[in-house]
Amino acid sequence: MIDWLIHFALKLLETCRDILPIVVTIVGFQLLVIRKPLPHPRKTIIGFFYVLLGIVFFLEGLDLALFPLGSLMATQLTTPEFLGVPLEQAISWQSYSWVYIFAASIGFATALAEPSLLAVALRAEQISGGTIRAWGLRISVAIGVGFGLALGTFRIVTGSELYLFIIGGYIIVLLQTRFAPKMIIGLAYDSGGVTTSMVTVPLVTALGLGLASAVPGRNPLLDGFGLIAFASLFPIIAVLGYAQIAQWLNRRSLSSKP
Amino acid sequence: MFKNPFIKQLFGSFLDLAPILAVVLVFQVLVIRQPIPDVGNLIAGTLFVILGLTLFIQGLEQSLFPIGESMAYAFARKGSLFWLLAFAFCLGFGAAVAEPALIAVAEKAADIASNGNLIEQTDAAKAGYALGLRITVALSIGLAILVGVLRIIRGWPVYYPVIFAYVCIAIMTPFAPAEIIGIAYDSGGISTSSITVPLVTALGVGLATSIKGRNSMTDGFGLVVFASLMPTIFVMAYGMVI
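Going line by line, the protein sequences match chains A and B. The working numbering applies: residue -17 is where the first sequence begins, and numbers increase by one. The working numbering applies: residue 4 is where the second sequence begins, and numbers increase by one.
Be aware that one or more of the hints could be misleading.
When the alpha-carbon atoms are kept at most 30 Å apart in a straight line, the in silico DSSO-like pairs for lysine-lysine are as follows [as the list claims (entries may be wrong)]:
1) 25/A / 11/B
2) 18/A / 215/B
3) -7/A / 129/B
4) 164/A / 215/B
5) -7/A / 11/B
6) -7/A / 25/A
By construction, these hints were calculated from the structure, which means they are not laboratory data.
Full structure from sequences and hints, please.
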């Protein structure tokens, strides 16, 4: 119990250091540049205290649950017994299909349930004047994230170079930017950051690192990271693509009317 | 549905985790069909995560967010360019340092680096590496927000800085050490999650509404993407230097 309390106090102290810069920024600029007192000092201080406690509990929970869960899934889905191949035989990338399906499901489910994506989708519907539907956008982002994560795990399994995929993705984004409706570009770019929430990031990271240690011939140092990059690039492609298709359908239905 | 905001937030945090738990459960029951080790720890950890998220979001909503947003609007409406840019940089830097997902992943990256003999296998070396990584990311996010604000003021198209960042990344990748590339590419997505996105979006939309000739819908966005590309460039540079 005492050990745990010391550990907790140390974490709390460390987190104090972590939130210090943002507190100094907000309070400092408020008092020195805007020169007004804080509007609700009591409420604000209690709020900062909540943030502090929240980060400590969250990080502790990550170590106990989300990180182990990600690596557990990676190990269980890659054991030779589960794959059903004899030990001495080399395993081809096709045998890992459950890994890809798992990664795609995690990406699809978390993106679809992401609250900030809902807000972005509603805004996009507003900007486009109804050409883009909020639901269509959410589904396309969810498919984008799911596909991105599946491709990312495929990359870890085969050990191919990360930058080939990402730079290839950049080129697609730039080509799409050329043809997509101008109104939607800023929002589409930002949707990449929206899908990587506080809960998804640790789980997906642990999954990638776990896979890289479990698949023979892979090194976590070289192959373990990169899944988050896929998860934040593919939504951009999906949103731009959906906007283009929606615009095209809209034009066609307009021109077909007499 | 719920009167008490705390209970409501607790439910919201549970909903954040629900899709992950559902997918994992389905796979465990239908596909893997093996006993899960340490179920007790997993359940305790999940409860910790839910409680932590709840306190964190609740705390942000009653301290940082209202002040940060009203300040973003205040700076956007009046005030000198210098103070606006200084505020933008500090906001980006501070938010990234406090980002919990970044804290967690930087520690993981330090573990991996020390297991791979990239750095010494001591706690001090690991802590130093993790902190160095986070400071690098935070500096780059501060700079990204600064440039993004300048873009909104000057009215440059959103894809100029993005194309520039893409080209930088493509040129730097072959020269960066192979061990840093993965974490560098990931760092952008990791650091644009809970604190950075709402504050930065408020700043962008506030600026675009208050400047004549800017449309809050089209010009207000684009700060987040820049904040998620800049860390990649900086972390690769950090890898080359260290």
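Exercise. Are there hints from earlier that the structure breaks, and if so, what are their numbers?
Worked result: none
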